[in-house]
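Undergrad: With the hints as constraints, model all of the structure from the sequences given.
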Amino acid sequence: MKDKSIPLFLERRSYRQRRLMDAARLLPLLGALLWMVPLLWPRTQTVQSADAAAVSTSSAILYMFAVWIFLALAALFLSVMLDTKAEAQDSRDD
Amino acid sequence: MATLNILIAVCLGYVAMLFAVAFMAERAALRGRGNWLRSPWIYTLSLSIYCTAWTFYGAVGYAARSGLEFLTIYLGPTLIMVGWWWALRKMVRIGRTQRITSVADLISSRYGKSGVLAVCVTLLAVVGITPYISLQLQSVTLSFSSFAVSDAEGAELIATYDTALWVAVGLALFTILFGTRNLDANERHHGVVMAIAVEAVVKLFALIAVGVFVVWGLAGGVGPMMERIDASQIGQWQVDGGRWVGLTLLSAAAFLTLPRMFQVLVVENEDEGHLRTAAWAFPTYLMLMSLFVVPIAVIGLELMPPGSNPDQFVLTVPLSQGRDGLAMLSFLGGFSSATSMVIVAAIALATMVSNHIVMPIFLRLTQGGASGPSDVRHVVILARRMSIGVVLALGYLYYKVSGGGTALAAIGLVSFAGLAQLLPAMIGGIFWRGATRNGALAGLLVGFAIWAWSLLLPQFGGGALSPGVMEQGPWGIAWLRPEAMFGIEGVDPLLHAALWSLSLNALVFVVVSLISFPSPLERLQGAQFVNIFEHSSNPQSWSGGIAQSEDLMIMAQRILGPAEAQSFFQTEAARQGLAGYLPEPTPDFLARLERELSGAVGGATAHAMVAQIMGAATVSVEDLLAVADETAQMMEYSSQLEAKSSELTRTARQLRAANEKLTQLSVQKDAFLSQISHELRTPMTSIRAFSEILRDADGLQSKDLTRYASIIHAEAIRLTRLLDDLLDLSVLENGQVSLNIREGLLSDVISHSIAATGTDMHALRVRRVGPASEVMLNTDLDRLAQVFINLIANAQKYCDADRPELTIEVNRRGGRIIVDFIDNGSGIPPESQSMVFEKFYRVADRQAGGAGLGLAICREIMARLGGTLGYLPGQGGGAFRVSLPAAQRMAAR
Amino acid sequence: MSKRVLIIEDEPNIIEAISFILSRDGWHVDSHSNGHDAVSVVRARAPDLVILDVMLPGRSGYEILTDLRAQPETRDLPVLMLTARGQARDRELAERAGASRFMTKPFSNADVIEALNALVAR
Chain Z
1 MKDKSIPLFL ERRSYRQRRL MDAARLLPLL GALLWMVPLL WPRTQTVQSA DAAAVSTSSA
61 ILYMFAVWIF LALAALFLSV MLDTKAEAQD SRDD
Chain W
1001 MATLNILIAV CLGYVAMLFA VAFMAERAAL RGRGNWLRSP WIYTLSLSIY CTAWTFYGAV
1061 GYAARSGLEF LTIYLGPTLI MVGWWWALRK MVRIGRTQRI TSVADLISSR YGKSGVLAVC
1121 VTLLAVVGIT PYISLQLQSV TLSFSSFAVS DAEGAELIAT YDTALWVAVG LALFTILFGT
1181 RNLDANERHH GVVMAIAVEA VVKLFALIAV GVFVVWGLAG GVGPMMERID ASQIGQWQVD
1241 GGRWVGLTLL SAAAFLTLPR MFQVLVVENE DEGHLRTAAW AFPTYLMLMS LFVVPIAVIG
1301 LELMPPGSNP DQFVLTVPLS QGRDGLAMLS FLGGFSSATS MVIVAAIALA TMVSNHIVMP
1361 IFLRLTQGGA SGPSDVRHVV ILARRMSIGV VLALGYLYYK VSGGGTALAA IGLVSFAGLA
1421 QLLPAMIGGI FWRGATRNGA LAGLLVGFAI WAWSLLLPQF GGGALSPGVM EQGPWGIAWL
1481 RPEAMFGIEG VDPLLHAALW SLSLNALVFV VVSLISFPSP LERLQGAQFV NIFEHSSNPQ
1541 SWSGGIAQSE DLMIMAQRIL GPAEAQSFFQ TEAARQGLAG YLPEPTPDFL ARLERELSGA
1601 VGGATAHAMV AQIMGAATVS VEDLLAVADE TAQMMEYSSQ LEAKSSELTR TARQLRAANE
1661 KLTQLSVQKD AFLSQISHEL RTPMTSIRAF SEILRDADGL QSKDLTRYAS IIHAEAIRLT
1721 RLLDDLLDLS VLENGQVSLN IREGLLSDVI SHSIAATGTD MHALRVRRVG PASEVMLNTD
1781 LDRLAQVFIN LIANAQKYCD ADRPELTIEV NRRGGRIIVD FIDNGSGIPP ESQSMVFEKF
1841 YRVADRQAGG AGLGLAICRE IMARLGGTLG YLPGQGGGAF RVSLPAAQRM AAR
Chain F
2001 MSKRVLIIED EPNIIEAISF ILSRDGWHVD SHSNGHDAVS VVRARAPDLV ILDVMLPGRS
2061 GYEILTDLRA QPETRDLPVL MLTARGQARD RELAERAGAS RFMTKPFSNA DVIEALNALV
2121 AR
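Residue numbers (our numbering), protein chains in the order written: chain Z, 1 to 94; chain W, 1001 to 1893; chain F, 2001 to 2122.
Be careful, since some hints might not be right.
[To be verified] Far from chain Z, by Cβ distances over 10 Å, these chain W residues were calculated:
#	residue
1	Ile1008
2	Phe1517
3	Asp1696
4	Val1731
5	Ala1785
6	Glu1809
7	Met1862
8	Ser1883
[Unchecked claim] Coverage of chain W stretches by chain Z, computed from C-beta distances (three or more under 8 Å per stretch; other residues unrestricted):
#	segment
9	1081-1093
10	1239-1248
Quick caveat, the hints were computed from the structure, so don't treat them as lab data. Every residue, glycine too, gets a C-beta built ideally from N, C-alpha and C.
TA: Right, here's the structure in full:
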């Protein structure tokens, strides 16, 4: 079993690369989803009762920029992890 | 206060610094020491031209008016960058491998290098971008006047001198200097990129500086700042959902389609790897750019008097606090934003205008002229420079005409929506092979028309569209009202226009693409673009010389066929004084090859194929070969079809002929049977009649008895002969005859035949002439004699001359021995000449006796002996020619 | 007074045979051996009966008969047709052309005499 570990490792590596590509493709979709969350927030114009207050701009800013920073970090992670050579296989595999 | 003077001085100094930076960068690049120019950081910073003066000044104003909605302008680009693996990576790869020079070039190249499409995209870009450029001029002018408010002298200065004009002229100068210094094949401008990178740093630094001052200097920290934000008029979430989604999508689309963005993203890209860095660094840049927008807006709203322009808060807030230095920095930030955008936009537009409008016209006009390549280079640079001037002049004119009244952000969004019309053709082009030129063109025109009608024209206010048209629609057609098309009212005008124009654009694009059929070049390009990663993992240029010739030859063989291509290449090599099959790829040779190929695949395709092998690393040879194979297959298939149809025609003809022959044979068979019946019954009649007479009649005289008996006898012999002939013919015709091949002299055979016919007892005189009768034959002598006897007997029977004479003439002609039998009678009439060899045919009446099978039998015999028997017209009498192969003879004696 | 019969036939032996039989039976026999002028010969000699061969040099018996039937003086002339081609089609052609009687060669002498007598008795 041990002498088969190298091909196994390579297989695993290219598998990992492919999943990273999947992640790179999904990241913008995730970002769009997160940034569309504010659509669910109550707006000043739509708030009628006093108890359901509209979301304050400060918390909105915090949310928006948190997502932003998360996306930038995730993109940084992916661009470091993604192997350049893997691109060639990209369109053929998976 | 001399603030304005200082401002102008700082401004000029800043511009001089930019000139110096650009100049140094160019020099460094020329000397090959520009590695640091090619860093991913420079690339990322150059992308910051997305943040124009609209961002720098307008975002704060936008936030002051509508809260966080301004963020949408950055969300779209962030998502596109983060999702670089989808679209940007592909676009950059295509741009690099296909040597794309502009967004118009990308779309036109994808759709078969369509000139019409390129012109359309160029015009759309010019119309869409011109207001944007004027917006930048306006923002610089406004920022000048913001400083001037506190300076009476300065206000006068501003009024006297047209700031916008000077800015426009200055920018034109800079752009021409660094944007058209040289004609780089890749359209890269190191100086310009370096300068805008510096400007990117300046504007980010300026905005953050103002932000830091506002948050920590005026608000007293993050906590208090947040409280003040919530307490302000924009303290609560108030964004319309539709606009939130719509603007995000619009900004994402514009990020891809704006000509200046395409310029820095794709054209100026040095290395695909830079995208990896930009993918996270540029979103960070955008995040930082918008980080302090809301605080500045909130503090501005608090501090500044009501009615002051929120677009200028970035400047007026520091000024109002007496922070002239900070204000100066902020001004430089805004100035940087405006200038970098204008410079790149002008370069991008000028490239498009000169490449797709000016040059085609110039080349067409000078088609006959002998303008060398250096001439063309000169013209291109001139066209580029003039285009830059024209673009900036248009921007200035628009600024003047529109009066600069509209809020900055509004113009920006109109421009975004216009350029976004390129999105379906662009994205469809790189992801969908089925997209066609007609589809792209139709979609673009529809989208552009709706955008212009429902968004651009209403911007001009009452000037362009009367209130009547806005209220009731053109000619009273309500569903064409610019801001309520198809009867949908109450939607935000921008959203309304973007929704209709983009969705109908995409719909028309897809539908027309589905129903139209692309040209071969279009299909080739489509495959190239969509499958870019499969053929171009390593963009490279061709090694020149013989290698190219070989590729050309391989391609030519597929199209012309190996034999023709090889002989063509050999001739061309010989023309160049080379042995073998591979000539140098000289222009002469290429032109001839192209002509040769265009015969097979059409001119445009041939040109594209040769150009692509010779020109650049745009297409892999495999693809060209695939197209060549496809073409060859199509040609082969069609020629097969042709062959098949001609074969069918031939078969039909043969069938018809066979049918006719069968019908004829059937008629002949009936006639033959009928003939045989007649020929048998006639003698039989005589025999029966006389035998009955002999039986029944008593008292016949012995003379009569003898006579009737001899008639019966003669008719019986006639019957026997007929049966013999029939059997003979049947054997000959079935090929069952056994030949008795012997050697003998031709003259002996003739003599024997003459003797056998007993001519000495007849009046017929036989004359023998000809030198070759002493010929040795190796054939069936008896059968040959049978033929001769028949011919001589015929002459005896039918020659109607007073003194009948038969000439037998022997000749040798070629490899054959010719024996002619010519009598001096009246011969056979022409209409019967072809009939005499038919069975039972008799020229004269049957008095001559015989069943009419003689010549038919003779002809069959000659065929068996490898010879022929024919009638010889024009000899002054009946003439038959017997021809024998001399191959069967032995050597002549 | 003996009846006159005209034989139109190209085989001399057959003419001789028929002549002999009919003469013995009391007929006045005449003959002609060419198709070309057969019609005019018939009109000139005006026989009581004609024996007509089908295959004649120059013209076929059918054509001659058709011509005869087209003319008033020979329309009802009894004609016995002789043919050596004994196919059904030949009989049909003869009847259409207007033959009074049709016989296939070779024939029996008695039959010929009987046929002729029957024809003139009509």
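Undergrad: Confirm or reject each hint.
TA: Do the hints match the structure? See the list:
1. Ile1008: About 37 Å separates Ile1008 of chain W from the closest Cβ of chain Z, which puts it past 10 Å; holds.
2. Phe1517: 26 Å, holds
3. Asp1696: Asp1696 of chain W is indeed farther than 10 Å from all Cβ atoms of chain Z, at 111 Å.
4. Val1731: Val1731 of chain W is indeed farther than 10 Å from all Cβ atoms of chain Z, at 77 Å.
5. Ala1785: 87 Å, holds
6. Glu1809: 87 Å, holds
7. Met1862: At about 76 Å from chain Z, Met1862 of chain W clears the 10 Å cut-off, so the statement holds.
8. Ser1883: 76 Å, holds
9. 1081-1093: holds (count 7)
10. 1239-1248: holds (count 6)
Of the hints listed earlier, there is not a single one the structure fails to meet.
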